[in-house]
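Produce the entire structure from the sequences given, and follow the hints as far as they go.
Chains Y and B are the protein sequences, given in the same order. Residues 5 to 91 (the working numbering) make up the first sequence, in order. Residues 463 to 613 (the working numbering) make up the second sequence, in order.
Just so you know, these hints were derived from the structure itself, not from any lab.
Computed cross-link-like contacts, DSSO-like style, restricted to lysine-lysine with a CA-CA straight-line distance of at most 27 angstroms:
1. B:K587 / Y:K20
2. B:K521 / Y:K60
3. Y:K41 / Y:K20
4. B:K521 / Y:K8
5. B:K587 / Y:K16
6. Y:K41 / Y:K6
7. Y:K46 / Y:K58
8. Y:K41 / B:K587
9. Y:K16 / B:K521
10. Y:K60 / Y:K39
11. Y:K16 / B:K600
12. Y:K16 / Y:K6
13. B:K600 / Y:K58
14. B:K587 / Y:K58
15. Y:K20 / B:K600
16. B:K521 / Y:K41
17. Y:K6 / B:K521
18. B:K587 / Y:K8
19. B:K600 / Y:K60
20. B:K600 / Y:K41
21. Y:K60 / B:K587
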Amino acid sequence: MKIKLFYFARLKETLKYSTEDLELTDSGDAWTILKLKAYLAKRGDVWGQMLMGKLKVRAAINHELVHDNAPIADGDEVAFFPPVTGG
Amino acid sequence: MTVRVQTEDFDAGFEISQLRKARKDIGAVVSFIGLVRDLNDGDAVSQLTLEHYPGMTEKSLASIINQAKARWNIMDALIVHRVGTLQPGDQIVLVVTGGAHRGEVFAACEFIMDYLKTEAPFWKKEATQQGEHWVEAKSTDDEARERWDRN
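Pasting the structure below:
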């Protein structure tokens, strides 16, 4: 399945990615936010630190805040970002 | 309901009069303006840059207004939030609520700001003499939001 990924703030800056299209292969278990984070973390140190490290990361699917166990479907827009600091 | 994310400054007086003139059953209007301070956690701040998630941010702000409308008897609400590079003293955010009586309008305005600070996807980066850094989320903001769950 294909998804569109977005990164914001510290993640965008550190990972040097703002958006990417990703093709995910079916491998038995359904894709969730946690599984996607673990998959991306394998790209290297900085990816592991940003997505699976000590820093809090929040995720959204199709513009809704979701938890780690939220399922990802074909065509979804997924975003990773730090806790928000507006206002 | 009005929700805007923009780089331009806003005129609170104009926004309030627009909301006020739209209907004659509004008896109370409350507004909140958030500003860039020149000092944060002891560091002199020379500049603040705000980033957002186009699409999600606007939906999140509209959802926060809808939650406030479900909770209190308010007739209208407006949120204008700036993004981009701002200087100390600049306006960041404007929240205006209007309704029949002040009690519910005050509460709704505070609720909208508490939810905005913890749920709406905006991120601040500060420039100080030590360089640039991303502003960390504050637990006091989470506590301010959580108190609405308790009452």
